[in-house]
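A.B. asks: The residues making up each chain are set out below.
There are 2 protein chains.
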Amino acid sequence: VKFYDCSSAPSPRRVRIFLAEKGIAVPTEQVDLRNNQQLSAEFRALNPQCTVPFLLLEDGTGIAEGDAICRYFEETHPEPPLFGRDAKEKALVAMWEIRAMFDGFYAVAEAFRNRTPGLKNRALTGPRDFEQIPALVERGLARIGIFFATLDERLSETKFLASGHFSIADITALVAVDFAARLKLSPSGEQKNLTRWHAEVSARPSANA
Amino acid sequence: VKFYDCSSAPSPRRVRIFLAEKGIAVPTEQVDLRNNQQLSAEFRALNPQCTVPFLLLEDGTGIAEGDAICRYFEETHPEPPLFGRDAKEKALVAMWEIRAMFDGFYAVAEAFRNRTPGLKNRALTGPRDFEQIPALVERGLARIGIFFATLDERLSETKFLASGHFSIADITALVAVDFAARLKLSPSGEQKNLTRWHAEVSARPSANA
Numbered sequence: 435v436k437f438y439d440c441s442s443a444p445s446p447r448r449v450r451i452f453l454a455e456k457g458i459a460v461p462t463e464q465v466d467l468r469n470n471q472q473l474s475a476e477f478r479a480l481n482p483q484c485t486v487p488f489l490l491l492e493d494g495t496g497i498a499e500g501d502a503i504c505r506y507f508e509e510t511h512p513e514p515p516l517f518g519r520d521a522k523e524k525a526l527v528a529m530w531e532i533r534a535m536f537d538g539f540y541a542v543a544e545a546f547r548n549r550t551p552g553l554k555n556r557a558l559t560g561p562r563d564f565e566q567i568p569a570l571v572e573r574g575l576a577r578i579g580i581f582f583a584t585l586d587e588r589l590s591e592t593k594f595l596a597s598g599h600f601s602i603a604d605i606t607a608l609v610a611v612d613f614a615a616r617l618k619l620s621p622s623g624e625q626k627n628l629t630r631w632h633a634e635v636s637a638r639p640s641a642n643a
Numbered sequence: 435v436k437f438y439d440c441s442s443a444p445s446p447r448r449v450r451i452f453l454a455e456k457g458i459a460v461p462t463e464q465v466d467l468r469n470n471q472q473l474s475a476e477f478r479a480l481n482p483q484c485t486v487p488f489l490l491l492e493d494g495t496g497i498a499e500g501d502a503i504c505r506y507f508e509e510t511h512p513e514p515p516l517f518g519r520d521a522k523e524k525a526l527v528a529m530w531e532i533r534a535m536f537d538g539f540y541a542v543a544e545a546f547r548n549r550t551p552g553l554k555n556r557a558l559t560g561p562r563d564f565e566q567i568p569a570l571v572e573r574g575l576a577r578i579g580i581f582f583a584t585l586d587e588r589l590s591e592t593k594f595l596a597s598g599h600f601s602i603a604d605i606t607a608l609v610a611v612d613f614a615a616r617l618k619l620s621p622s623g624e625q626k627n628l629t630r631w632h633a634e635v636s637a638r639p640s641a642n643a
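So the sequences go chain by chain: V and P. If you number the first sequence the way this note's numbering does, the last residue is 643 and the count never jumps. If you number the second sequence the way this note's numbering does, the last residue is 643 and the count never jumps.
Next comes chain V alone, as it looks inside the complex (with noise of 0.2 Å):
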């Protein structure tokens, strides 16, 4: 098994926390990003996705995504397990780690990638390349203050995302909460929910990942 990452970026960290959250080393390649190493031939030929962070098995299978590569270790190292303990634990796990991806990352990375200059023609990630829309920051800023709030509220009910365990859905929001961070967003001093929450899951050995 070999872990391809990219030590700088957001999208695998969240692959890195998990695997310190279970205690498992992997053998690991790093693809740097920054010159568009993931668009090389010798690297499309693993992912043809041109993504990290990817998984490559023992047999030759290619696994991308990090939800893919965590549900992978999920099953291999199933102690902590980090996608819920019963079916509604780890169905709120998934809600809440769709909500963090969705609305949280994919939102910080909408503004991001749509207005950093070394990332023109590369507003979306993958092999095709994609013109920035400037309208997609504005949207993608908005978005993020929607996700700092839905995060505010739900943690003013648990102490966790999900529920009251730790779990991927809360490793998935950090990372796009500390992504944020590169745009000059942060949560506000009002949000004590989340402040709390980010504080807690930031003290964690594993956020150093």
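Hints should not be assumed to be uniformly reliable.
Since the list can't tell identical chains apart, any single copy or any two copies may satisfy a pair.
In silico DSS-like pairs for lysine-lysine, Cα to Cα no more than 27 Å straight-line [as the list claims (entries may be wrong)]:
| # | residue 1 | residue 2 |
| --- | --- | --- |
| 1 | Lys554 | Lys618 |
| 2 | Lys626 | Lys554 |
| 3 | Lys436 | Lys618 |
| 4 | Lys524 | Lys456 |
| 5 | Lys436 | Lys522 |
| 6 | Lys593 | Lys618 |
Read the hints as simulated data drawn from the structure, not as lab findings.
Dock chain P against the given chain V, drawing on the hints supplied.
C.D. replies: Coordinates of chain P only, in the frame set by chain V:
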């Protein structure tokens, strides 16, 4: 348990097909999306995200997001497994499910919601209004073309999207491909693998759900 559905909408169709494959009957209530019933105070009190599909559990817990609802029923009714059988297949199902959702369903939604006159200011689902962005129509259409090509290539290797077994990834991809028909887009006759798969999954009784 109560399932909130809209029989004319593609997003809850994913859950309907899943339930049909499992042979599960759930008390169901229709939500009239055409008249914005999902934005009513009554429905908003149930699901603040104002989306269907939505599942209300006996204890009052609400589960939004089709993938999360399906994972709940995968736990309560494990047979037949629709999220994979072992670590590798579960990872492949998760990967293709994400791809069918992000690169397929959301690409169609991007083109559809940003150009349909009746969805002015409703370019994104959820409680907040977002204006249509014309450039996303073109981007969405381009992404659908890429999605079809990706499916066709993948289905030259496997019977179903993730493996030799039918899974939630096939359900989501089927719903996405059929949703694209609303934009008058369908697989070309030259995409023989995609055409073969689409005929097969459409012939399953669940496809009528």
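A.B. asks: Indicate, hint by hint, whether the structure satisfies it.
C.D. replies: Going through the hints against the structure:
no.	hint	verdict
1	Lys554 - Lys618	within (20 Å within a copy, 31 Å between copies)
2	Lys626 - Lys554	neither (37 Å within a copy, 35 Å between copies)
3	Lys436 - Lys618	neither (34 Å within a copy, 42 Å between copies)
4	Lys524 - Lys456	both (17 Å within a copy, 18 Å between copies)
5	Lys436 - Lys522	between (33 Å within a copy, 14 Å between copies)
6	Lys593 - Lys618	within (26 Å within a copy, 47 Å between copies)
Hint violations for this structure: numbers 2 and 3, all remaining hints satisfied.
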